Amino acid sequence: MPLAELNFGTIGLHHYLFLGAVLFVSGLLTILVKRNAIGILMGVELILNAANVNLVAFNAFSHGGGPNGLRLDGQVFAIFVIVIAAAEAAVALAIFLNFYNNFSTIDVERAQNLRG
Amino acid sequence: MSALLAQLPDVTSDNVSAVLFYLFAIMSGASAIGVAVSRNIVRTAVCLLFTLVGVAGLYFLLHAEFLAAVQLVVYAGGTLILIIFGVMLTSKSPFSRFEPKLGEVVIAISISSILLFALVLGIARTSFASDPLVTELYPVDRLGQVLLGDYLVPFEVVSVLLLVVMIGAAYLAKGRRREEDETGRRPTMSRRAREWS
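Keeping their order, the protein sequence lines are chains A and B.
All you need for the numbering used here is the position in the first sequence, starting with 1, plus 235.
All you need for the numbering used here is the position in the second sequence, starting with 1, plus 51.
If you're looking for bench data, these hints aren't it; they were derived computationally from the structure.
Since the structure is predicted, the reported quantities are computational estimates derived from the model, not experimental observations.
Watch out, some of these pointers could steer you wrong.
[Claimed, not checked] Think about it this way: if two alpha-carbon atoms lie no more than 25 Å apart in a straight line, the pair counts; the simulated DMTMM-like pairs of lysine to aspartate or glutamate are:
1. B/K225 / A/E323
2. B/K152 / A/E344
3. B/K225 / A/D342
4. B/K152 / A/D308
[Stated by the list, open to error] Per label pair, the in silico range of CB-to-CB distance:
5. A/G247 / B/Y222: 44 to 50 Å
6. A/S339 / B/V70: 46 to 52 Å
7. B/A169 / A/F338: 35 to 41 Å
8. B/M139 / A/L349: 27 to 33 Å
9. A/G244 / B/V209: 35 to 41 Å
10. A/R345 / B/A180: 46 to 52 Å
Here a beta-carbon is modelled for each residue, glycine too, at the ideal position from N, C-alpha and C.
Same shape as in the complex, but just chain A:
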């Protein structure tokens, strides 16, 4: 059967939003379940990626039009999110290295100095 006769349906905005929901919930589950601090950082990265997928999908499917024809606000927001995620990962890893030097573990359950 030639490929042109197969019909896989049209991919719309909803498909990308469903994928963004799956990524977000996976990131939330990662943050809630992991006790390794770096695992929690990976969950945060997953959530930021879910937000990025939604931003780019909305930009592609329901951009505002406007006088210049092509609006790219969603992609610009996604670029800012990527930059800030990189910055956040750098600072978080510096904090985790300090934590590891002080407690000799990376388990977040051991960070209890401020517990009342």
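Since the structure of chain A is already known, use the hints to place chain B on it.
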């Protein structure tokens, strides 16, 4: 340009993009679930790599080629390497495990499934106003104009933020030892240096 786009066979292009969408979506979604359920931190990092690559493929399908390249270079090439370095520096053995308690896992899974149900229901019931996409083959020049035109101030603020983060991360990673040097006490070796000496 529009004549060039009109020459593309519509149905085949739709089919190919649909197949590619399902390929990348299953890849990134399954790897994201793998990030959540994997017990081994190195395996988690590899799953995160596949998720990031799949999302980059989705950006290609959404006509965001520059963003896909940025995703591959900055995320998969930079941030993930940083995370793997963190794994290497903070675990005595790369296979160290911290098992969560069973009650925590049950609560987390129930919260997540309720949230997923609500999100899917909300998305499925909403009809979004959808304008037809104005396709340009290479919108990178437009992206640059927007980035240095409408978004000039956030762009500069982000560059200052990167400088602050660079200095702050270097200070956080090395600051303690320098303070103890200044007070005249004997500088304590870091834990890793003690292990190796």
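Here is what the structure says about each hint:
1. B/K225 / A/E323: holds (18 Å)
2. B/K152 / A/E344: holds (11 Å)
3. B/K225 / A/D342: holds (21 Å)
4. B/K152 / A/D308: Since the Cα atoms of B/K152 and A/D308 sit roughly 43 Å apart, the hinted pair is violated (cutoff 25 Å).
5. A/G247 / B/Y222: 44 to 50 Å: holds (48 Å)
6. A/S339 / B/V70: 46 to 52 Å: holds (50 Å)
7. B/A169 / A/F338: 35 to 41 Å: holds (37 Å)
8. B/M139 / A/L349: 27 to 33 Å: Holds, at about 28 Å.
9. A/G244 / B/V209: 35 to 41 Å: With a Cβ separation near 39 Å, A/G244 and B/V209 satisfy 35 to 41 Å, so the hint holds.
10. A/R345 / B/A180: 46 to 52 Å: holds (50 Å)
Consistency with the previously given hints fails for number 4 only.
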